[in-house]
Amino acid sequence: MKRHLSICLSIGLFFTQPQAFATNDNWTDKVDPVLMSKAANGGAVEMMVIMAEQADLSAARYMNTKEEKGNFVFHTLQDLSTHTQPVVWEKLESLHAPYHSYFIVNAVWTKGDIDVIRAMAEMPQVSQVIENARYTVQQPVQVGVPSYDDPNTKTNAVEWAISLVKADQVWGMGYKGQGAVVGGQDSGYEWDHPAIKGKYRGWNGSSADHNHNWHDAIQTGNGGSCGTASTEPCDDHGHGTHTMGTMVGDDGAGNQVGMAPDAEWIGCRNMDQGAGTFATYAECFEWFIAPTDLNDQNPMPSKSPDVINNSWGCPTDEGCNTSNFEAMRVIVSNVKDAGIVVVASAGNSGPSCNTVEDPPAMYDESFSVGSTTSSDNMSSFSSRGNVTVDGSNRMKPDISAPGSDIRSSYPGGGYTSMSGTSMAGPHVAGLVALMISANPDLAGKVDIIEDIIEKTAVKLSVNETCGGVSSSTVPNNTFGYGRINALDAINEVVLTVGQLNPESQGKAKVFPNPMHNNSVVYVPVNGSSIAYVRITDLNGQLVRTIPGNGGFSVNLGSSGLAAGAYLLEAVTENNSVFREKLIVQ
Numbered sequence: 008m009k010r011h012l013s014i015c016l017s018i019g020l021f022f023t024q025p026q027a028f029a030t031n032d033n034w035t036d037k038v039d040p041v042l043m044s045k046a047a048n049g050g051a052v053e054m055m056v057i058m059a060e061q062a063d064l065s066a067a068r069y070m071n072t073k074e075e076k077g078n079f080v081f082h083t084l085q086d087l088s089t090h091t092q093p094v095v096w097e098k099l100e101s102l103h104a105p106y107h108s109y110f111i112v113n114a115v116w117t118k119g120d121i122d123v124i125r126a127m128a129e130m131p132q133v134s135q136v137i138e139n140a141r142y143t144v145q146q147p148v149q150v151g152v153p154s155y156d157d158p159n160t161k162t163n164a165v166e167w168a169i170s171l172v173k174a175d176q177v178w179g180m181g182y183k184g185q186g187a188v189v190g191g192q193d194s195g196y197e198w199d200h201p202a203i204k205g206k207y208r209g210w211n212g213s214s215a216d217h218n219h220n221w222h223d224a225i226q227t228g229n230g231g232s233c234g235t236a237s238t239e240p241c242d243d244h245g246h247g248t249h250t251m252g253t254m255v256g257d258d259g260a261g262n263q264v265g266m267a268p269d270a271e272w273i274g275c276r277n278m279d280q281g282a283g284t285f286a287t288y289a290e291c292f293e294w295f296i297a298p299t300d301l302n303d304q305n306p307m308p309s310k311s312p313d314v315i316n317n318s319w320g321c322p323t324d325e326g327c328n329t330s331n332f333e334a335m336r337v338i339v340s341n342v343k344d345a346g347i348v349v350v351a352s353a354g355n356s357g358p359s360c361n362t363v364e365d366p367p368a369m370y371d372e373s374f375s376v377g378s379t380t381s382s383d384n385m386s387s388f389s390s391r392g393n394v395t396v397d398g399s400n401r402m403k404p405d406i407s408a409p410g411s412d413i414r415s416s417y418p419g420g421g422y423t424s425m426s427g428t429s430m431a432g433p434h435v436a437g438l439v440a441l442m443i444s445a446n447p448d449l450a451g452k453v454d455i456i457e458d459i460i461e462k463t464a465v466k467l468s469v470n471e472t473c474g475g476v477s478s479s480t481v482p483n484n485t486f487g488y489g490r491i492n493a494l495d496a497i498n499e500v501v502l503t504v505g506q507l508n509p510e511s512q513g514k515a516k517v518f519p520n521p522m523h524n525n526s527v528v529y530v531p532v533n534g535s536s537i538a539y540v541r542i543t544d545l546n547g548q549l550v551r552t553i554p555g556n557g558g559f560s561v562n563l564g565s566s567g568l569a570a571g572a573y574l575l576e577a578v579t580e581n582n583s584v585f586r587e588k589l590i591v592q
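Taking my numbering, the leading residue of the sequence shown gets 8, the next gets one more, and so forth.
Hints may be right or wrong, so weigh each one.
[Unchecked claim] Think about it this way: if two alpha-carbon atoms lie no more than 20 angstroms apart in a straight line, the pair counts; the simulated SDA-like pairs of lysine to any residue are: (1) Lys45 - Arg141; (2) Lys118 - Trp34; (3) Lys173 - Gly261; (4) Lys310 - Thr329; (5) Lys462 - Val501.
These are computed hints drawn from the structure, not numbers from a lab. Every value quoted in this text rests on a predicted model; they were computed, and no experiment measured them.
My request is simple: use the sequences and hints to build the entire structure.
Given below as structure tokens:
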């Protein structure tokens, strides 16, 4: 991109230059072979129609605050789907096929026979037609018998895993997750379990409000004991309640099972009795970007969580394969760009190498977690890298945490012990909450959070080599960077206070100023091009965000701004900020 090149972009538009999936001329080349095979048997099959145009969200990576990232990502994704999908909707209506629109990845769910599949694949706006693959919870390797001991008989004791990673020492510093929000998408949650009720964002101490705090993506099917489209959190499996307890659980009567007991939680049910689909997982990720009310209205990016725990996977025998890997990767990438840490359990297919092979743990954009024991050995069941299923040879997992014999909350008000990487991941999600409580400026800065966790991990080793990398080398395909150390991570976080938003004091030259339409912003950027321009009112409320294009100037174009005074901030790719008052006549 040439320097000094201006962007001819309407200031009212939020979406950037879209990216695209590869397209093929032959319609059958666009169709998932598994889907074709099922359709050949006759009858209607569920499918996801993936649009060729996908949003470019790279500008979000240069934004300073989680709120800015979330708003930018939400509006960009929503605007792109609104502008590109109507032609697909119209075609499906003509075929009398049901459909549901998604923006988290630019895609449409539908159901139909081979004629519907062909009609979709023949559209030039469509890149792929894939099966609505079935995903499953990472089933625990071992489940104990639920214990319903009287909580009043418990002594105030912290679970061994919490002590091992020194989270309880972090509490002694005053950081217990306050101000942070964790999200869980799982089998659901028994929200009024004593260990997690007081931490649910929808509970004010006397009444519950589930709007923007809960979503049920199971709209059809059996629904188990929860039914379908439940308007309050429920758990028809037990897995979700256990994982949430490890993140935030503390009943105040001795059961200190959670990493961040003062954090708040919100949840989305993506599985019907332990099994979901591509569509239900996409729906939960979409809801977390901008949680809605119980009528699926009034999306609010400001209500999104800081971190999401994902203890599920999609093996090939459940429908995941190279035809749909990329679509799910786009979803995870978009969530990360919104400033949300995506924690994913590595899987329970160890001890062989190359067993981190399922979405979402396999992706670079996910923070994947392996499982360790109380003696800091690698759990035998924990999946190892490297990732070969997609040809990337990517090193995984990223990090490890206790996951063997983990006691936590369980439906019915009790507690039980489980083993699996599903039990390891929530420890990492809880650590993210502790870090944000220690330094709120970390919210939205996913790469910095992950780097600190990796940098401060306890380095572990076993006699094992995967992907040609010995476990004595750090990072490796067994432990990643090692086992989490909450105390060292928080000490590192405290040292970063005041260093997360470096600014170069200077002036942005807006010419002409006062401006009308087609004004150009010139910025003394000292060799670093513009990442984006942000315009706020004088009270600091965000009005517009305009992505840069690698140059030193941005054409504001047809502004649509009302006459008045604004503050313009030009942010460069090295995170310097230049400010100037902007007058619109």
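Hint by hint, here is what the structure shows:
{"no.": "1", "hint": "Lys45 - Arg141", "result": "holds, 14 angstroms"}
{"no.": "2", "hint": "Lys118 - Trp34", "result": "holds, 18 angstroms"}
{"no.": "3", "hint": "Lys173 - Gly261", "result": "holds, 18 angstroms"}
{"no.": "4", "hint": "Lys310 - Thr329", "result": "violated, 34 angstroms"}
{"no.": "5", "hint": "Lys462 - Val501", "result": "holds, 14 angstroms"}
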